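Build the complex from these two chains, which are given one at a time in their own frames, with help from the hints.
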Amino acid sequence: MPGQLATVWKFRHFWLSLAGMDLRVRYRRSVIGLGWSMLNPVVMTVVFCVAFASWLGNGDWRTAAPFYLAGLVVWDFIRHSAVQGSLTLLRNEPYIRQSPLPLAVYTLRTSLGAIVHFAFALVVVIAASAILNADHLTPFYSLWAVLPAAVLLAVFCWAVTAICAIANVFFHDTQHLTEVGFGICFFLTPIIYRKERLTERGLGFIAEINPVVPFLDTIRDPLLTGSPPAPMAFATAAGITVLAVAVAVAAFARFERRLIFHL
Amino acid sequence: MSAEIDLRDVHLRFRVRQATRVSLKEYLVRGLFRRSANPPIDVHALRGITLRVHEGERLGIVGHNGAGKSTLLKVIAGIYPPTSGTRRVEGRICSLFDIMIGFEMEASGWDNIRFRSYLQGETRRTIRAKLAAIGEFSELGRFLDVPLKYYSAGMLVRLAFSVASATDPEVLLIDEALAAGDASFQVKARHRVTEMMRSARLMVLISHDMKAIGELCTSAVWLERGELKRVGRCEDVTRAYRSAMARPGAPVGAAA
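So the sequence lines, in the order shown, correspond to chains A and B. Numbered according to numbering that gives the first Met the number 0, the first sequence spans residues 0 to 262. Numbered according to numbering that gives the first Met the number 0, the second sequence spans residues 0 to 255.
A couple of the hints might just be wrong.
[Stated by the list, open to error] Per the computed footprint, the stretches of chain B lying under chain A, defined by three or more beta-carbons under 8 Å from a beta-carbon of chain A, are:
#1 73–82
#2 96–104
#3 233–244
[Said to hold, decoys possible] If you only want the chain B side, here are some residues facing chain A, beta carbon under 8 Å, derived:
#4 F13
#5 D110
#6 R123
[What the hints assert, rightly or not] Chain A side only, calculated, beta carbon under 10 Å to chain B, not exhaustive:
#7 A5
#8 V7
#9 K9
#10 H12
#11 W14
#12 S16
#13 Y94
#14 Q97
#15 L100
#16 E199
#17 R256
It is worth saying that the hints were derived from the structure and are not from the lab. None of the values given here were measured: they were computed from a predicted structure. Glycine is no exception: its CB is placed at the ideal position from the N, C-alpha and C atoms.
The following block holds chain B by itself, in its conformation from the complex (with noise of 0.2 Å):
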């Protein structure tokens, strides 16, 4: 099976609130016709997004602040499931972005690998092989035995980025503003994600960076208030890209 990403006019809509408890008194203040202070905004975060990514492809997506890059990702991922619209992804999922959360921090750095490799599908047996590898890349050393709340967030990050990157990705998503530790550690985290771009048989790469867009890609996607403003080569789409930044009153802000 190869691997591939297929989204057919997707959309996504959700609404969000000021502050996210939503109370009794909420709902009986919205009865009573008075003017809430914690009223919904609905957002239409992906707009009729069609899209198709091959096996052998790199895609890179360009766009302002808040456009839906993110989002987008996270419907590939599978972790939006989209309001209208079909979304199909064929291979294994292996997501760089949002690596920073789920931690048990009363847990040791040992006990957050193997949760965290669990959560990516290892098990018992294959997490056995991978488990000193993990921990030598991280370069945490006895640090691995102390439970989390203990480490620094530059430690975090190593932790994370060692687990998230220790799979063997078919359909590989990557977040670029993606957090990577000291210098040293920065370089090794680079070196590691080129390899596991050279590996995949698919690569999803959100940055700002038209220079690195134009050296890994394939080919690039604009993505300007939840649309596709520009689906095509790497060189045209980010040259019409920089030009609309380069113009005064450039968008910012989520489909709202």
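Here chain A stands alone, though its shape is the one from the complex (with noise of 0.2 Å):
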């Protein structure tokens, strides 16, 4: 492993151009740039406040659109993460071809650029949070406590990019269920309404299980209401981003070796 993680910082530049390209090749006709990758999480704020205007509880759209925007910036990061993810080997099939580069190189090249998003996204959610809070220095006050909170994240989603992108070679239907399953996941996640009401149902375990939950605590929560996270949530996400990179590791461990007789 530690060879590995060598090899992987040896061949940096190999990834990062190809990441930096992406990013450039995705965006280089538009007029607005990267600002395509936040149109569809603002239009859906826009319609989530519109829609659920009074009878959602979520309070007027000066509180409810920022918290439908973290919400959304999160699940957004997540998804895509998985969704992207899976696709990573395969597109990547010539270089794995031509090049015995451990295949962890690759996650990165795909994770590197829903982190960018997200980054940009964030800043945007931190913005529409300041200007239409009544104290507008709310997100600030908390970006100590949110930035490690985000980095527990990005981690977390390199890790649903490597685990999405290795069962995506044994399994092709893997792209396909990932987009189907978090559609499904989207409405028992609290993204739209807040997470106290699953417990006034008593469906509060839905919350308990749902792993996307203690990020939503730890980085929305405290850019809206301006004080730290509870220990225990920030906890509980690292302790869901340390299972989840205990789940990558092993799964490149025991499949890569075969995993280019599958592609």
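Listed below in structure tokens is the structure:
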């Protein structure tokens, strides 16, 4: 493993430059460039604000909009990592056939693109929250706590990318199943409603077992309320991240040698 | 550290399917005991290969189509891990095979030169010095600023070969079926390959040209259906191979 990490570092120019190219090419011909990646969450936020204006109990649109946006941005990051991640090894098949690099290198190419989008989106969320909030400095108070949580989320998303990438090589429906799965789980995750709604209806266990909830708690709530996340939430998020990374590393260790024969 | 290739009892087995996409339906069909429309085929590509190539040696590999020559080269390059047995290769490997894959079509010629060089282990610092030389060797001029999707096949070959041959190899692996562009570039490419052969500490060459094997190699092996049929001096191996191929019913196809 340490040898592999050293190799990944040694070939950092390779995956860094490819990730950079991916970003440049994606927005080359568009006028608003990277802004396209924000279009979907922003439009969905507007839709939610309008559609759920009074009856979902999220308050008026000034409070609701940052709530929806922050949740959507975190959700999109994880979903993008899973869905795009599952294509990673298939997309990079020519390089895999040419060079015996550790396959984790290609997952880093995908992850880096997703991380850049997330970072940009986070800036927009902070800006929106600052503008719409009565106390404009709320989001800035808790940035010191949000950033480590964001780093944890990035590592978790890398692990998700790696796991989906390996799964999709053996089982080609993974990508489609992930899309469908995320579509379903969207409604089982407190993004358009608050977590308390589930507990009120005796469905609190959904929030307990949903791995996305701790990340929402540690990133969204501090940005909106200004107070740091509960240590328990942070610890849970860290625990989930460690578990995901362990599964990803184990999957590479077990399957890496045979993957090329299944491409 | 001297350059060396050491393969001990290497076996390579894998499964291929007619259609590479394995779907949920495929799993269900197998579970229901119906005959699958996409059954796996077991391939035993390399059988018990034991080979040692020392520094200074130039090994030629001959064999029929589908014997496993390219597979063996890929095992040496580290791309295919052996199913059993051990593989040990010392020295910086340069693979001159399969160079026509791995292009980023939306990126320019210069960008692709960078990506492929980084894949070969160059860093930002080392590539700065080589970039101009690689561009010049390819003779693509202003086209290097243009995305690869506008290139012709010959231009892609020039680009790929220019980058692949810009290293200082210690272990040089060549598959002779290396397309090399138009006539004038072929001459250039041949010169470059000859130079690389001279400077490499160890070379493995796959060829169907017995004369080339005799001229360029110090020893040869004959691979048939994944097994080493003959190992030894070039003349002995190529003579045995030629007489076997001249007989009717010569084998073709992989070790299935």
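field: Status of the hint placing W14/A at chain B (closest C-beta pair under 10 Å)
entry: holds (8 Å)
Interface hint status, Q97/A versus chain B (Cβ within 10 Å): Result: holds, 5 Å to nearest chain B Cβ.
Hint check, V7/A versus chain B [nearest Cβ-Cβ separation less than 10 Å]: violated (13 Å)
- request: Confirm or reject the coverage of the region 96–104 of chain B by chain A under the rule of 3 or more residues with a beta carbon closer than 8 Å to the chain's beta carbons.
  value: With 6 residues in contact (Cβ-Cβ under 8 Å with chain A), the coverage given for the region 96–104 of chain B holds.
- request: Classify the hint on R123/B as holds or violated, based on whether any CB of chain A lies nearer than 8 Å to its CB.
  value: holds (6 Å)
task: Using 10 Å as the Cβ threshold, decide whether L100/A counts as touching chain B.
output: Cβ of L100/A sits 7 Å from chain B, so the hint holds.
query: Counting residues of the region 233–244 of chain B that have a beta-carbon nearer than 8 Å to any beta-carbon of chain A, does the count reach 3?
result: Violated - the region 233–244 of chain B has 0 residues with a Cβ nearer than 8 Å to chain A, which falls short of three.
query: Against chain B, with CB atoms and a cut of 10 Å, does the hint on Y94/A hold up?
result: Constraint on Y94/A satisfied, holds at 5 Å.
message: D110/B was flagged as interface toward chain A. Is the shortest Cβ-Cβ separation under 8 Å?
response: With Cβ-Cβ at 6 Å, under 8 Å, it holds.
- request: Would you check whether F13/B satisfies its interface hint, that is, whether its CB is within less than 8 Å of any CB in chain A?
  value: Holds - the Cβ of F13/B comes within 8 Å of chain A, reaching about 4 Å at its closest.
field: Restraint outcome when A5/A is required to lie within 10 Å of chain B by C-beta distance
entry: violated (13 Å)
query: With a cut-off of 10 Å, does the beta carbon of S16/A approach a beta carbon of chain B closely enough for the hint to hold?
result: Since the shortest Cβ distance to chain B is 6 Å, the answer is holds.
In summary, the numbered hints that this structure violates are 3, 7, 8 and 16.
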